[in-house]
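Residue numbers (the working numbering), protein chains in the order written: chain A, 10 to 934; chain B, 492 to 578.
Check before you lean on any hint, since a few could be wrong.
Said to hold, decoys possible - Pairwise CB distance ranges (calculated):
id, chain 1, residue 1, chain 2, residue 2, range
1, A, T588, B, P524, 49 to 57 Å
2, B, D515, A, R166, 36 to 44 Å
3, B, G573, A, A869, 50 to 58 Å
Said to hold, decoys possible - One side only, chain B facing chain A, incomplete, derived with CB under 10 Å:
id, residue
4, V518
5, F532
6, T548
7, A565
8, I569
Unchecked claim - Covered stretches of chain B (in silico footprint by chain A; criterion: 3 or more residues with CB under 8 Å from a CB of chain A, positions within the stretch not fixed):
id, region
9, 492–503
10, 520–528
11, 554–564
These are computed hints drawn from the structure, not numbers from a lab.
Positions of the beta carbon are idealized from the N, C-alpha and C atoms, including for glycine.
Here's the letter readout for the chains.
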Amino acid sequence: MSGVAREGATIGFTFDGTRYLARPGETLAAALLANGVRLVGRSFKYHRPRGILTAGVEEPNALVTVGRGGRTEPNTRATDLFVYEGLEARSQNRWPGLAFDLGAVFGLASKALPAGFYYKTFFGHARTWLKYEAVIRRAAGLGPAPTEADPDHFSQRALFADVAVIGGGRAGLLAAREALRAGKRVVLIEQDAVLGGGLLRDPREIDGQGSAGWIATVEAELRSGGARILTRTTATGHWDDNMLCLAQKLVEPGQVPGHGFAQRMWHLRAGEVVYATGLIERPIPFANNDRPGVMLSRAVRTYIRRFGVVPGRRVVVATTNDDAYETARALRDAGAEVVAVLDTRPAPAGADSGFAVLNDSVPQAAKGGRRGVKGLSAVIAGAEQHFAADLIAVSGGFSPAVHLHSQAGGALDWDEGARAYKAGAARQAARTVGSAGDPPASGAFRPVGNAKASFLDFQNDVTLADIDLAWREGYRSVEHVKRYTTLGMATDQGKTSNLPALEALAHAGGMTVPEAGITTFRPPYTPVTMGAMAGAAQGEHAVPTRRPALYAVHAAKDPIWLNAGYWKRPRAYPRGSETLAQAGLREARSVRQLVGLTDVSTLAKFEVNGPDAARFLERICATTVAKLAIGRGRYTIMLREDGLVFDDGTVWRLGENRYLLTSSTSGASRMATHISYVRNHLMPEAKVSVICVQEHYAAIAVAGPKSVAVMEQLTGEAPPRHMSASQPTIAGVPVHLLAASFSGERAFEVHFDARHAAAVWQAIDDAVAAAGGCAYGLEAMELLRIEKGHLVIGPDIDGRLSADDLGMGRMLNPAGGYIGHSTLHRPAFAEPGRKQLVGLESVNGDSIPEGAMLVPHLGARAEGHVTGAVRRVLGPGHIALAHLADGRARHGQEIYARSLTRGHTTRVRVVAPHFYDPAGERYRD
Amino acid sequence: MLTIACPHCGPRAQAEFVYERTVDSVVPLDAEPAEAVAALFTRANPRGEDDEIWRHTHGCGGWLVMRRHRVTHAISAIRAIGPETLP
Numbered sequence: 010m011s012g013v014a015r016e017g018a019t020i021g022f023t024f025d026g027t028r029y030l031a032r033p034g035e036t037l038a039a040a041l042l043a044n045g046v047r048l049v050g051r052s053f054k055y056h057r058p059r060g061i062l063t064a065g066v067e068e069p070n071a072l073v074t075v076g077r078g079g080r081t082e083p084n085t086r087a088t089d090l091f092v093y094e095g096l097e098a099r100s101q102n103r104w105p106g107l108a109f110d111l112g113a114v115f116g117l118a119s120k121a122l123p124a125g126f127y128y129k130t131f132f133g134h135a136r137t138w139l140k141y142e143a144v145i146r147r148a149a150g151l152g153p154a155p156t157e158a159d160p161d162h163f164s165q166r167a168l169f170a171d172v173a174v175i176g177g178g179r180a181g182l183l184a185a186r187e188a189l190r191a192g193k194r195v196v197l198i199e200q201d202a203v204l205g206g207g208l209l210r211d212p213r214e215i216d217g218q219g220s221a222g223w224i225a226t227v228e229a230e231l232r233s234g235g236a237r238i239l240t241r242t243t244a245t246g247h248w249d250d251n252m253l254c255l256a257q258k259l260v261e262p263g264q265v266p267g268h269g270f271a272q273r274m275w276h277l278r279a280g281e282v283v284y285a286t287g288l289i290e291r292p293i294p295f296a297n298n299d300r301p302g303v304m305l306s307r308a309v310r311t312y313i314r315r316f317g318v319v320p321g322r323r324v325v326v327a328t329t330n331d332d333a334y335e336t337a338r339a340l341r342d343a344g345a346e347v348v349a350v351l352d353t354r355p356a357p358a359g360a361d362s363g364f365a366v367l368n369d370s371v372p373q374a375a376k377g378g379r380r381g382v383k384g385l386s387a388v389i390a391g392a393e394q395h396f397a398a399d400l401i402a403v404s405g406g407f408s409p410a411v412h413l414h415s416q417a418g419g420a421l422d423w424d425e426g427a428r429a430y431k432a433g434a435a436r437q438a439a440r441t442v443g444s445a446g447d448p449p450a451s452g453a454f455r456p457v458g459n460a461k462a463s464f465l466d467f468q469n470d471v472t473l474a475d476i477d478l479a480w481r482e483g484y485r486s487v488e489h490v491k492r493y494t495t496l497g498m499a500t501d502q503g504k505t506s507n508l509p510a511l512e513a514l515a516h517a518g519g520m521t522v523p524e525a526g527i528t529t530f531r532p533p534y535t536p537v538t539m540g541a542m543a544g545a546a547q548g549e550h551a552v553p554t555r556r557p558a559l560y561a562v563h564a565a566k567d568p569i570w571l572n573a574g575y576w577k578r579p580r581a582y583p584r585g586s587e588t589l590a591q592a593g594l595r596e597a598r599s600v601r602q603l604v605g606l607t608d609v610s611t612l613a614k615f616e617v618n619g620p621d622a623a624r625f626l627e628r629i630c631a632t633t634v635a636k637l638a639i640g641r642g643r644y645t646i647m648l649r650e651d652g653l654v655f656d657d658g659t660v661w662r663l664g665e666n667r668y669l670l671t672s673s674t675s676g677a678s679r680m681a682t683h684i685s686y687v688r689n690h691l692m693p694e695a696k697v698s699v700i701c702v703q704e705h706y707a708a709i710a711v712a713g714p715k716s717v718a719v720m721e722q723l724t725g726e727a728p729p730r731h732m733s734a735s736q737p738t739i740a741g742v743p744v745h746l747l748a749a750s751f752s753g754e755r756a757f758e759v760h761f762d763a764r765h766a767a768a769v770w771q772a773i774d775d776a777v778a779a780a781g782g783c784a785y786g787l788e789a790m791e792l793l794r795i796e797k798g799h800l801v802i803g804p805d806i807d808g809r810l811s812a813d814d815l816g817m818g819r820m821l822n823p824a825g826g827y828i829g830h831s832t833l834h835r836p837a838f839a840e841p842g843r844k845q846l847v848g849l850e851s852v853n854g855d856s857i858p859e860g861a862m863l864v865p866h867l868g869a870r871a872e873g874h875v876t877g878a879v880r881r882v883l884g885p886g887h888i889a890l891a892h893l894a895d896g897r898a899r900h901g902q903e904i905y906a907r908s909l910t911r912g913h914t915t916r917v918r919v920v921a922p923h924f925y926d927p928a929g930e931r932y933r934d
Numbered sequence: 492m493l494t495i496a497c498p499h500c501g502p503r504a505q506a507e508f509v510y511e512r513t514v515d516s517v518v519p520l521d522a523e524p525a526e527a528v529a530a531l532f533t534r535a536n537p538r539g540e541d542d543e544i545w546r547h548t549h550g551c552g553g554w555l556v557m558r559r560h561r562v563t564h565a566i567s568a569i570r571a572i573g574p575e576t577l578p
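Please model the complete structure; the sequences and the hints are all you need to start from.
This is the structure in structure tokens:
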């Protein structure tokens, strides 16, 4: 046990392996200070020793990693973490240790890492960056992310309120009470563990009660009146129409939840939002103002009055405002010595405070190193003076926490007296109350310390000199300066640094602060853990699972599954010890030689009915439809409005005014939206009904030379010839029997009411098995369709090729009128060099890598790529489909399929994209 | 996240809706080639109000046209489209 023995300190925790005790309700920062720990971390870029600057969520310095294993949480603010028994906290960005850190040489070499270092390096030769990269990656950074999965559960809930009050200080409590008394549904949100806000730091009598009593009274009234009070909850974002995201910690970071959830994300929709968000104190830029022992004035007061921890014994207070005098009083009351109050303002500021006040004083440099400050020099009315001290309490003024107001579209008004932005006109139903709307006055001053050691953004190590450099290099927009210097881009989002930086920028440019502009406030207000954003949508629940009607039938066969989009589809049904490749080949050969059945229920299917059905379909489909005789079907393609092919399928005329349209599984929802858009927006007057029956119809494909015999046996009638349809029954179930083929063999699709899926499958499966065949999955389907030269949406039809590129130009409806026709005239469609669909044959019998680029010789630029590659089903050799520039004119050429990612290059011959039965002989009975 | 008043279902969260396109990017059936290209590739994209087509995809599935301000997101008008809205 280390540290300082204190009464009531009973909670054991460790910091960098050393065990300490904390009192209940203490933050880690308070407990560390109480135990005499001042050095808490090393800075991001220069590895400078850092301590505790604040007492709240705005903390830029004191970032620690907490927890272990998958619960590890890096970059946790020690000031925003309440100590629990067993808390394990570790300092960050140091090696080998916090006190002795080799990376601190970066601090000595800080000239080598000025603003814009990365950009400048990138402009040089690539080798220059490679040289630096390894070193920088090791040296720069915050805590490493955990590599294990988070074992905790996270909840998400919706919430509705008439009034949402953000901030549980005095103003927030009053606003919540007033709304409740007016009969409103109230939610009060407080990021601290307890209500009270500034009253915890500055207790005072309200309504004849002490602070603690008054807070308890109001809280009791709110709770009994039905208001919802969410503590340890941060309003992280304010979105349109008063929607707020609330991140609630149900346990502290790294803590093991006893049961239930670790955190909860609320989605709150509020009638009115009240910001009682208070103020954020600003540091003062001077040399070494980032040393342990330099602390914001109100933080000093908070540690003394709320936590009973006095962070220093000999204190210099440096201020631009009256508020810091209250800190001086708190220090004096706690027995610390206030060496001097350095006030940037001229006399008589502070004259009646009773302290040794030095007016016109601007801090110049802190003395002391990693163990903490030893003193402060200041320029006082032009003369330099030094003060010995172990704590420097600074107050550079106060900025209202306008983040949510600004996120919600509210205007920001510059307050010259406070030298800060405050909430202007709100765009949404929202208002600001309390100190956030009325920041205290602050004096203006010019920093006098060495600019290179005067830190603005402590977390990203951005100094005054960096802002000056950015200005000298020509950066004028504050948004550009921000990105060039990385100011305000760390996990604290510049809560303490933005306004001091704007002051510096304004000075560099000879402007007022409002003229310098302001960067955008973006959510989240404080970091939100990924788990809270994901909620229950993790692992297998990250996306929906769609199970086709025949899922249970497949599952009983224990197939190898493939996640095809959201669908669970069988990839192969291995027998014995078969591998995927072996099972797929056996199933494909069964189709080529005998017969097989497969589940194609996931195909998009649309029933199109009505007098205008054909007219409607001739808009959707780029082929003719109206010429189809009843009982006939055809292959069809659909174009986007820009003329490129985006889907394909088949269309069947089942009756006089009744059609069935099928299209790809992967494009199903896109096609449903497209059809609905055309029907509702472009053709509302059409007398047509279009119903998506994708899941209402199960569909089974039966393919192979014996499929005709199988269907005849099952239906008791002669099955339809290729591209015709009939309506027999199978196992007593009425079906649409569509003679169409994807495999290249004589084949049928059986579409029927999905409620009877299992019975129909069973009947067909039995008949197929009796004929010597078997079920086949997507792996076999891929072997069969690539060999036949049939295309799939995605790899082959990828939204970049026209019908002509795909060799389907002659299929287009010569009468036009289809969607996409109007743009086919564009000159680019006729230019040479377009990618075209081709086949590839392996020259030496080698496999062809999928996705490989196609090059005429090694080292040449890619002229195309392989979209799908397989081995031949029956014969030897490997084949592929590909997109190749001017491919149709290059049949017979030998080129290379080169995959650098797979480390595989092979010689291929360009051929027509039909490797099997190009004349369609096998479709004839 | 906006609250969008579906003409059929009433006010619902934006997450239930899917944006389709602006009205000025609708390519009419049988558009002249130049007209189609203009609709697809040269849109007004005003900094202000525009008419947009949305669908209540995760609700009733109905289509609607809303007039929305591109800066403030304020929705000033919503109407249903489709066969049932024809006179």
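**Item:** Hints violated by the structure (listed by number, smallest first)
**Value:** 8
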